[in-house]
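With the sequences and hints as input, model every part of the structure.
The listed protein sequences derive, respectively, from chains A and B.
First residue of the first sequence: 1, per the working numbering; consecutive thereafter.
First residue of the second sequence: 1, per the working numbering; consecutive thereafter.
Keep in mind that a hint or two might mislead.
[Unchecked claim] In silico negatives: residues of chain A with every beta carbon more than 10 Å from chain B:
1) Leu13
2) Asp43
3) Leu219
4) Gly249
5) Leu281
6) Phe282
[Said to hold, decoys possible] With a cut-off of at most 25 Å between alpha-carbon atoms, the simulated BS3-like pairs for lysine-lysine come out as follows:
7) Lys336(B) to Lys347(A)
8) Lys336(A) to Lys291(B)
9) Lys159(B) to Lys241(B)
10) Lys378(A) to Lys288(A)
11) Lys347(A) to Lys335(B)
12) Lys336(B) to Lys335(A)
13) Lys336(B) to Lys339(A)
14) Lys291(A) to Lys398(A)
15) Lys336(A) to Lys335(B)
16) Lys204(A) to Lys152(B)
Think of the hints as simulated: they come from the structure by calculation, not from any bench.
Even for Gly, the Cβ is constructed at its ideal location relative to N, Cα and C.
There are 2 protein chains.
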Amino acid sequence: MFDKHYLSPSEALERILKALPENDPPLERTRIEECYGRITACDIVSAEDLPAFSRSTVDGYALSSADTFGAKETSPAYITLVRAEVLMGTSPEFSIRKGEAAKIPTGGMLPQGTDAVVMLEHAQVVSDDMIEVLRSVAPRENVIQRGEDVGKGTTVLSKGSTLRAQDIGALAGLGITEIDIFRKPLVSIISTGDEIVPARETLKLGQVRDINSFTLAGLISDSGGIPLRKGIIKDEYALIKKAVRESLGDSGIVLVSGGTSAGAKDMAADIVNDIGSPGVLFHGLSLKPGKPMIGGVVNGKPVLGLPGHPAATVVCFDLFIRPLLERLGGAGARKKFPKALRAAMAKSIASAAGREDHIRVAVEEQDGELLAVPILGKSGLITTLVRADGIVVIPPEKLGLDAGEEVTVVLF
Amino acid sequence: MFDKHYLSPSEALERILKALPENDPPLERTRIEECYGRITACDIVSAEDLPAFSRSTVDGYALSSADTFGAKETSPAYITLVRAEVLMGTSPEFSIRKGEAAKIPTGGMLPQGTDAVVMLEHAQVVSDDMIEVLRSVAPRENVIQRGEDVGKGTTVLSKGSTLRAQDIGALAGLGITEIDIFRKPLVSIISTGDEIVPARETLKLGQVRDINSFTLAGLISDSGGIPLRKGIIKDEYALIKKAVRESLGDSGIVLVSGGTSAGAKDMAADIVNDIGSPGVLFHGLSLKPGKPMIGGVVNGKPVLGLPGHPAATVVCFDLFIRPLLERLGGAGARKKFPKALRAAMAKSIASAAGREDHIRVAVEEQDGELLAVPILGKSGLITTLVRADGIVVIPPEKLGLDAGEEVTVVLF
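Right, here's the structure in full:
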């Protein structure tokens with residue numbers, strides 16, 4: 001068995017989540033135009049009926065449905081057409097009596113005395129003041145009732161809902177133009193490593209540019225956080241400690257990326273323990289790529305040490321940082337559906353027992369079937385991620401995947 | 001057959017796409033920090049090798065692999081350990097001869113004379129200047145070769161690629177800190193209807209608030225466009241014509257939403273034909289909801305008349321506006337995978353032959369199986385969309401879906 005003494009990623013995440021305080025994130029009152037993708041900080045309850053009046057869903061004639069019972073093409077119902085018409089956007093100032101009907105447009109308000117609408121094409125105009133109705137209508141047919149969409153006092157959206165376009169539309173429809181949403185969590189990214197230089201620098205031999213802080217920043221924004229790139233810190237205990245401590249002051253999650261010089265891995269763990277409690281909760285995982293990851297909590301905030309390899313960065317993001325952003329961002333009311341598809345493995349791939357393997361794959365179509373083609377390459381190569389469309393997970397109990405086996409690809 | 005004389009949505013989209021000019025969108029030079037989710041306006045070619053030197057992928061000893069051939073635990077290879085060590089971020093100022101090795105950290109640069117690295121755990125220190133190597137290593141083992149990630153002159157990203165977090169990381173790694181991206185298409189949203197009032201207004205009887213411009217704005221932003229909400233225009237020919245004409249001046253797509261008073265539907269089509277050519281390309285679709293949609297092209301720009309029902313708005317967005325945003329935004333190099341899942345229909349649902357039906361569904365889990373539960377309700381109800389997780393399409397040749405039938409749910 002591989003890595004028997006290491007935690008699985010889900011056990012490790014559980015440890016972090018348990019060590020976090022339960023309280024809600026802070027909230028901010030915000031205009032709905034700015035709330036797309038944001039998370040509701042309380043239940044949103046309608047103060048009124050939507051629609052506020054019964055409306056026609058078709059162009060036709062508003063009448064009392066009882067007047068049409070039994071009507072058919074061979075024996076139509078004869079109804080008196082009143083001179084007044086329903087006009088859009090206004091309340092009809094007339095009422096309809098038994099045996100009468102009024103012309104009404106789609107969306108128009110039903111006049112007093114009516115409970116249904118006959119579609120234009122199901123009636124014939126006989127004269128200026130008479131129509132033949134060729135089909136019966138049931139009560140409420142072709143009508144949206146007052147409050148049918150949302151009744152006054154109904155909870156439209158629960159606390160913790162991520163707001164989609166149509167949810168904002170619903171709020172607008174109810175006249176709710178400002179709401180309380182949770183603030184986005186701030187995530188500090190501290191890049192470490194004596195060999196790392198900023199992206200815009202010309203390299204000396206032995207140096208490489210900072211890749212991971214750019215990758216992490218994008219992933220954090222996509223998952224509802226605000227990334228704070230804190231720059232590149234040399235592999236020195238005091239410098240990294242200072243950067244972590246300062247970041248704990250201004251952000252809700254602190255990421256220490258890289259730190260690859262000999263001894264740097266243990267240094268990060270020592271620093272986390274040094275700054276506060278409970279400190280390090282795990283060091284090393286039964287995971288590939290991502291095995292050397294460190295997870296801890298200090299002063300109620302997660303501090304994560306991420307391996308420097310680009311592929312490990314992305315895997316650790318999915319397994320730890322995204323769920324932490326959801327927790328710290330207050331999301332939770334909505335069902336979550338990963339962006340995934342089913343495909344057949346294009347070739348066999350081995351995996352050590354007891355280890356969760358995350359395989360980068362490209363998805364290709366061949367003869368109408370989707371194939372997951374493993375992108376083989378060291379996890380230190382950023383281009384394996386550029387060429388990949390997603391990831392296939394081999395669970396710890398499996399010794400690999402067979403060619404042709406159906407798998408779930410979680411898409412980037 | 002239903003709607004035999006109407007186009008299918010895909011035929012209708014094809015008509016619009018064929019009437020558009022072929023030229024690329026304008027581009028803008030932008031710092032990579034601002035390029036997440038944006039689209040590359042040209043192929044991006046690396047001007048250098050990544051990495052610029054051969055690097056170790058482990059902590060260990062750099063040496064010539066030939067010195068380890070045949071080494072095993074029972075007969076280790078004895079190698080002289082030189083005093084100098086490889087330091088992170090610098091070029092080693094020494095070279096290694098046959099029979100020698102130097103300590104090297106993960107990410108360190110291989111010294112001259114070495115072609116592989118033995119992991120620390122596969123060697124034992126015998127004395128200050130001698131190690132036993134317990135396993136042979138192959139040439140290049142535990143090494144990322146110079147240019148192995150990206151060779152100089154390689155195309156890293158093709159023109160038309162939507163940039164993901166890891167793609168920006170790769171650009172940073174190559175020292176490419178500014179690139180040309182396509183400008184986002186601007187989309188004007190003109191809301192029409194005599195009954196429509198702004199979201200913040202108190203309603204008089206007969207009035208409803210503007211819902212669709214808020215829904216459309218969110219969907220447009222999510223799909224890489226910039227929404228311009230042009231306000232609510234009364235159902236008068238001259239006013240709507242003026243709004244469309246002005247919007248053609250400042251945006252790449254013009255949407256006219258609603259227009260529900262009697263005669264307004266034909267008015268929108270007349271206005272499109274009145275403003276320019278080719279004008280209206282279709283009026284009405286074999287689609288539910290969304291049947292009354294109008295599609296046209298004027299002065300090389302799409303002008304779409306969208307039905308006022310909230311559900312029809314969302315369906316028409318998916319079928320027309322999203323693909324148009326991709327075309328006008330220059331996307332195209334990346335494979336597209338819809339966010340979708342497979343589920344079993346929770347109940348049977350009927351559909352007219354010859355019509356493409358888009359059914360809103362909630363996805364629920366029951367005994368480990370995913371169920372697609374149709375949200376029944378008039379397409380004029382915004383809350384059917386709030387309660388739905390996605391859409392199931394019934395193709396025109398099907399007369400419905402059976403309970404238990406497996407379907408694809410395209411998620412919102």
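Ascending list of hint numbers which this structure does not respect: When the structure is compared with the hints, numbers 3, 8 and 9 turn out to be violated.
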